[in-house]
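Chains as they are written, first to last, in this note's numbering: chain W, 1 to 276; chain F, 1 to 157.
Some clues are possibly wrong.
Said to hold, decoys possible - Derived lysine-lysine pairs resembling DSS-like cross-links, with alpha carbons at most 30 Å apart: (1) W:Lys245 to F:Lys155; (2) F:Lys64 to F:Lys135; (3) W:Lys245 to F:Lys43; (4) F:Lys63 to F:Lys43; (5) F:Lys63 to W:Lys245; (6) W:Lys178 to W:Lys140; (7) F:Lys64 to W:Lys140; (8) F:Lys43 to W:Lys140; (9) F:Lys43 to W:Lys143; (10) F:Lys131 to W:Lys223; (11) W:Lys223 to F:Lys130; (12) F:Lys131 to W:Lys245; (13) W:Lys178 to F:Lys130; (14) W:Lys143 to F:Lys130; (15) F:Lys57 to F:Lys130.
Stated by the list, open to error - The following label-pair restraints were derived from C-beta to C-beta distances: (16) W:His250 to F:Asp37: 42 to 48 Å; (17) F:Ala76 to W:Leu42: 34 to 40 Å; (18) F:Thr123 to W:Ala43: 42 to 48 Å; (19) W:Gly117 to F:Lys43: 55 to 61 Å; (20) W:Gly239 to F:Phe80: 17 to 23 Å; (21) W:Thr36 to F:Glu157: 40 to 46 Å; (22) W:Thr132 to F:Glu77: 45 to 51 Å; (23) F:Lys155 to W:Glu63: 49 to 55 Å.
What the hints contain is simulated information worked out from the structure, not anything from laboratory work. Idealized CB from N, CA, C, for every residue including glycine.
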Amino acid sequence: MRNIMYAAVGLMMTTATAMAAGTPYHEGSATIIEPTDERNPLAEVVSGIDFRKSMIREMQEDEFSNPGMIVVDYGAEIWEQVDGTAGKSLSDVWESCAGMDAATAAVSYPRYHDGAGKVISLEQQINYCRETAMGAEPYKWEKADMLGMTAFIRYQGNGEAINVSIDGPAAATYERGKELYYQRVGQLDMSCAHCHEDNYGNYIRADMLSQGHINGFPTYRVKWNGVGSTHRRFRGCNGNIRATKLAYGHEDYVALELYLAWRGNGLTVETPAVRQ
Amino acid sequence: MRIGVALIAGAMAFSMSAHADTKFVKEDGLVSYMITDSMAINKSLTGAAGDAANGRKLAINRKKGNCLACHVMPIAEQQFHGETAPSLYGVATRLSEGELRMQIVNAKVTNEDTMMPSFYRTTGYNRPDKKFIGKTILSAQEVEDVVAYLMTLDKDE
Numbered sequence: 001m002r003n004i005m006y007a008a009v010g011l012m013m014t015t016a017t018a019m020a021a022g023t024p025y026h027e028g029s030a031t032i033i034e035p036t037d038e039r040n041p042l043a044e045v046v047s048g049i050d051f052r053k054s055m056i057r058e059m060q061e062d063e064f065s066n067p068g069m070i071v072v073d074y075g076a077e078i079w080e081q082v083d084g085t086a087g088k089s090l091s092d093v094w095e096s097c098a099g100m101d102a103a104t105a106a107v108s109y110p111r112y113h114d115g116a117g118k119v120i121s122l123e124q125q126i127n128y129c130r131e132t133a134m135g136a137e138p139y140k141w142e143k144a145d146m147l148g149m150t151a152f153i154r155y156q157g158n159g160e161a162i163n164v165s166i167d168g169p170a171a172a173t174y175e176r177g178k179e180l181y182y183q184r185v186g187q188l189d190m191s192c193a194h195c196h197e198d199n200y201g202n203y204i205r206a207d208m209l210s211q212g213h214i215n216g217f218p219t220y221r222v223k224w225n226g227v228g229s230t231h232r233r234f235r236g237c238n239g240n241i242r243a244t245k246l247a248y249g250h251e252d253y254v255a256l257e258l259y260l261a262w263r264g265n266g267l268t269v270e271t272p273a274v275r276q
Numbered sequence: 001m002r003i004g005v006a007l008i009a010g011a012m013a014f015s016m017s018a019h020a021d022t023k024f025v026k027e028d029g030l031v032s033y034m035i036t037d038s039m040a041i042n043k044s045l046t047g048a049a050g051d052a053a054n055g056r057k058l059a060i061n062r063k064k065g066n067c068l069a070c071h072v073m074p075i076a077e078q079q080f081h082g083e084t085a086p087s088l089y090g091v092a093t094r095l096s097e098g099e100l101r102m103q104i105v106n107a108k109v110t111n112e113d114t115m116m117p118s119f120y121r122t123t124g125y126n127r128p129d130k131k132f133i134g135k136t137i138l139s140a141q142e143v144e145d146v147v148a149y150l151m152t153l154d155k156d157e
């Protein structure tokens with residue numbers, strides 16, 4: 001039976017090649033980097049944009065047609081806006097509060113932060129600074145202010161290599177993220193790995209599977225008609241496999257985000273990316 | 001091939017039947033079935049024959065079988081066929097009806113690493129959405145319908 005199955009796989013691959021035309025990954029023009037860490041299970045690291053066809057790629061690459069740029073521009077505005085009892089903007093307090101400039105932050109989150117005492121996402125770092133350094137109310141996750149601010153900060157590192165740390169105080173969060181990545185969840189009983197490690201480059205019905213990197217978030221999605229965070233994407237994936245969605249900012253989503261960011265270490269920040 | 005049975009034993013009630021070469025599977029609220037030593041479920045879950053035409057519809061339906069998500073199939077009117085799993089062209093010449101039924105009910109019995117969902121199983125899930133707790137993806141009759149449809153796939157591409 002096994003031999004017959006392999007023969008069937010061969011047949012399937014022929015079909016796959018014909019269907020997959022039009023993406024840089026299949027045409028051999030993708031930017032492929034080697035993992036920066038020997039613990040990374042991927043033999044090649046490829047940005048999600050190289051699994052997309054030209055219409056989406058062109059929308060992302062041309063800043064005048066990239067719909068995510070409006071959100072970045074809004075973030076630039078509120079970055080300078082004074083808010084809270086300390087009479088300061090995030091721009092005033094960021095470097096001392098986060099401990100790094102915005103361009104460095106763009107490639108470094110999720111990250112262990114001494115003040116917070118745990119690994120936090122960029123959203124959580126923004127709110128930490130708003131609450132402790134500005135005396136301002138935290139932003140709500142997935143609302144315009146938070147999406148604008150995260151998109152703006154990430155955009156400061158656009159083109160720079162992702163470089164999150166999983167060692168030292170981040171190690172336990174990395175281990176949790178790895179555990180979640182390989183855990184089957186939901187009624188469809190699949191892990192992240194089934195699609196994004198074992199089957200990247202293959203179609204799942206009309207969608208070509210990528211490696212699931214998050215270097216383009218916050219990302220503009222045609223389906224969303226707007227920009228969304230990694231945690232919104234996780235919730236969508238969880239819904240697709242009929243699993244319980246976790247809350248925005250849930251520690252397990254932060255752990256998964258750290259793990260995914262690390263698998264893509266070395267890829268450049270593409271915020272705001274565009275997807276269908 | 002038999003490792004999978006031991007692995008899922010924690011989640012399901014298995015007991016040795018009168019015949020040493022079969023496993024009996026019983027989950028609350030579901031039709032029980034026997035897995036033979038050759039990893040097949042030879043008897044219809046409902047005792048009735050499947051409706052192949054309905055099985056074909058279930059294979060296309062994204063909320064039901066959705067076989068097309070992962071398999072290439074002789075369903076020309078559907079533009080998009082997945083490719084993360086083997087083609088189902090000619091599958092009836094490779095697997096028996098009982099083996100096909102096993103694959104639909106719970107493919108993890110023969111391959112613990114498979115990404116294929118178990119279409120007739122309610123236990124052993126992590127974080128299932130509460131809408132689906134205690135429910136199977138396909139009903140017993142729908143399993144039979146899909147099996148009946150797959151049994152018509154006797155030609156290679």
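Numbers of unmet hints, in rising order: Checked against the structure, the hints that fail are numbers 1, 3, 7, 8, 9, 18, 22, while the rest are satisfied.
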